[in-house]
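Colleague: Residue-level listing of the chains:
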Amino acid sequence: MYLVFFCALVVMACRNDASEFKIIYEADRAVALSLDSGLDSENIKVVLDTNQSTPILGAIYKTNDSHIFRPVIPFTNGQKYLVFKDTIQIAEFIIDKNSDENNPKLTAIFPSIDTVPENLLKMYLQFSKPMQEVGDALDYVTVINETTGKEVDVFLKLNTELWNKEHTMLTLWLDPGRIKTDLIPNKTLGLPILKNNTYTIHIDKSWRDADGLSLDKTYSKTFNVVERDALKPHVENWEITVNNAVLTIDFKEPLDAILVKETLNIKDENGTIVLGEIVLKTNETSLEFRPKHDFTSQTYTISVDSKLEDLAGNNLNHLFDRDVTQHTATDNSEYKTLTFKID
Amino acid sequence: MKRITLGIFFIATALVVLVASKESTPSTNDILTSNFIEGNTGIASINALSFGPEGILFIGDSKNAAIYALDTKDNASVATSERIGIGEVDEKIAASLGTTTDNIRITDMAVNPVSKAVYFSVNVTDGTPVILKLKGESFENVSLTDASFSKIELENAIAVDAKDHRNRPQRVWAISDLRYHDGNVLVSGLSNKEFSSTFRSIPFPFKGNQDYASLEIWHAAHGKYETHAPIKTFDVIKIEGKDYLMASYTCTPLVLFPMEDIKGGKHLKGRTVAELGAGNSPLDMISFEKGGQQYFFMSNTNRPIMRFKYETIADFKDTMTEPVTEFGVATGVAYDNLPMVNVLQLDNLDAEKVVYMQRTSSGDLILRSRPKRWM
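Chains as they are written, first to last, in the working numbering: chain X, -12 to 330; chain D, 52 to 426.
With the rest of the complex left out, here is chain X (with noise of 0.2 Å):
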């Protein structure tokens, strides 16, 4: 393992001894500390200066020069930690704050779109770094009626937060409770978001990352809300164009910027997926694919999983608000296909 050495501010209080402490560094975190293997490392705590009655919890292991001290987590950013042998004091530090050009930022909201249907379901909110993992991440996302000037709350608060696994990338949900017909929330609050209404989503900078750094500014992003989007996504409504090194295809409305990434495959006439890179463009109302290798002369098929959506949560096979006594034909299939034939 690569590991960074890295001398901490050491006050000796009560040794005379030119003792060496270092903090180890992995991944830009403190991750341990090393003492002297001179010291007998009997009865050795580490606490907060803060709080000097509470041991941190960690384990002391000795390598050939030195005894490691690694706590369960590792140090915290500006905190300041005193070392103790018995109930003397042996030495202080203070990890150092990072760099404030490290500091994250938000480099997409989606929809990215400006007008979004009064039923919109989602907003995923992009981040450059891993950002915190404790805290609510609704007490940093504010919304502004720009209409009435009055703050709304339009997102389900979750327990469990639908981060991705690198905790860079939120799902936030417009209440669904208040988006479907005649449910409790919907009739007692109302939609989260009305038609001809302009909003502001803001970002606060106070949001913090994994190292404990704040967002480089507050991000705000205004949208305008228009009537309900009623309507499934149709496939056959697509525009296809393609030459040998592109297919580009115009969906006619703005998708699920995420869902489209994930449920949409080319497959060549042995049904093989064909790899390839896909980009989104124009606001996620049509994606480009650019295979890995050119398109050969046959026909491909698109794959779309039914479970595209767009804006509204409505997938190729149903409304996300839809009455179910209504007994009408429901199609279940799990994937749509389009051909396109290369000559």
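All the pointers check out, no bait thrown in.
SDA-like cross-link-like pairs, simulated, lysine to any residue; straight-line CA separation at most 20 Å:
| id | chain 1 | residue 1 | chain 2 | residue 2 |
| --- | --- | --- | --- | --- |
| 1 | X | Lys32 | D | Glu191 |
| 2 | X | Lys182 | X | Thr129 |
| 3 | X | Lys144 | D | Leu395 |
| 4 | X | Lys144 | D | Gly328 |
| 5 | X | Lys248 | X | Glu321 |
| 6 | X | Lys9 | X | Gln76 |
| 7 | X | Lys328 | X | Thr286 |
| 8 | X | Lys174 | D | Ala381 |
| 9 | X | Lys144 | D | Asn331 |
| 10 | D | Lys184 | X | Ala46 |
| 11 | D | Lys184 | X | Arg57 |
| 12 | X | Lys152 | D | Gly178 |
| 13 | D | Lys317 | X | Thr317 |
| 14 | X | Lys152 | D | Ala95 |
| 15 | X | Lys294 | X | Leu274 |
| 16 | D | Lys186 | X | Ser40 |
| 17 | D | Lys289 | D | Tyr361 |
| 18 | X | Lys144 | D | Gly330 |
| 19 | D | Lys317 | D | Asp294 |
| 20 | D | Lys186 | D | Gly136 |
| 21 | D | Lys320 | X | Arg309 |
| 22 | D | Lys320 | X | His305 |
| 23 | X | Lys92 | X | Asp123 |
| 24 | D | Lys368 | D | Leu307 |
| 25 | X | Lys116 | D | Thr179 |
| 26 | X | Lys294 | D | Gly316 |
| 27 | D | Lys202 | D | Ser85 |
| 28 | X | Lys32 | X | Ala46 |
| 29 | X | Lys294 | D | His318 |
| 30 | X | Lys174 | D | Ser332 |
| 31 | X | Lys239 | X | Glu105 |
| 32 | X | Lys254 | X | Lys328 |
Keep in mind that the hints were calculated from the coordinates and are not lab data.
Every value quoted in this text rests on a predicted model; they were computed, and no experiment measured them.
Given chain X's structure and the hints, the job is docking chain D onto it.
Modeller: Chain D in isolation, oriented as in the chain X frame:
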């Protein structure tokens, strides 16, 4: 001398028989942990905890979309727990981890029914997963990097067709609650992509097989519309000899599903037995028996702890279909409000006590035990 020799012979024989019987009859723990491996668990996040038998702790890891079984080796049986009364729990946990309260979040609490020890899962800012065990008024670290464990990945956590290695965004399957019941680990959760509620039942010891069902509820607001709302918390209760999943949802329907039907990917409609009022979310559930009656308790974000009698639930044969028209009104099975508010975590401590974590009116986070007779 002869008597001594004979005595030694008998003792030796007894020891041989004892050792042989021990070898031929492995303990329950040995059987349950026979496929466990030693080493670094690789746990990336902890969303939910639940104890099974023999000190085995089940851990729900959303990041890895997996359930882990950890042998805590905390197997010494204790009948009765000491009384617990600790203030500033979050301050003490933060200090034990060398940080401050704004850098931690206590995500779950579980009591080992064998040792009666209280365990906590803690999230920290940088995502390092932590499990702590309460010892007196201090905390011990439960190692996740040097442990005896087994693991099962949740099926369908990643889209079946997304196998073409195009760096597609990964599906998140966030685990909302987890419980061990009668040889199975039960898991509820929700996806970040489609708004749906999937409930899984995984036999333990893990062998690779798991069962699931998608659960749908009739919302009493209308009786005509369905929702795929995610389960917030659940318990298993026995009514008239039959096991039911008692699931609680945001805003706050309480819904029963027969456990025997949760299999084969079935799509199930539950029976809504209560609407506990809008503007509230359930937090935790426990059940226990006192005075010959079986009770079920639920803590909430914006309401006190609710107490239900199994008997009352059994007597409620209908499913709610009538609209609830007035904000905050609760309807359905009768319950009692206990004088306990802002209870964030709740579990059975021993036969006589519960343990709970509560944010007091002064803002202090406390951990206390309470006699069940006062529940």
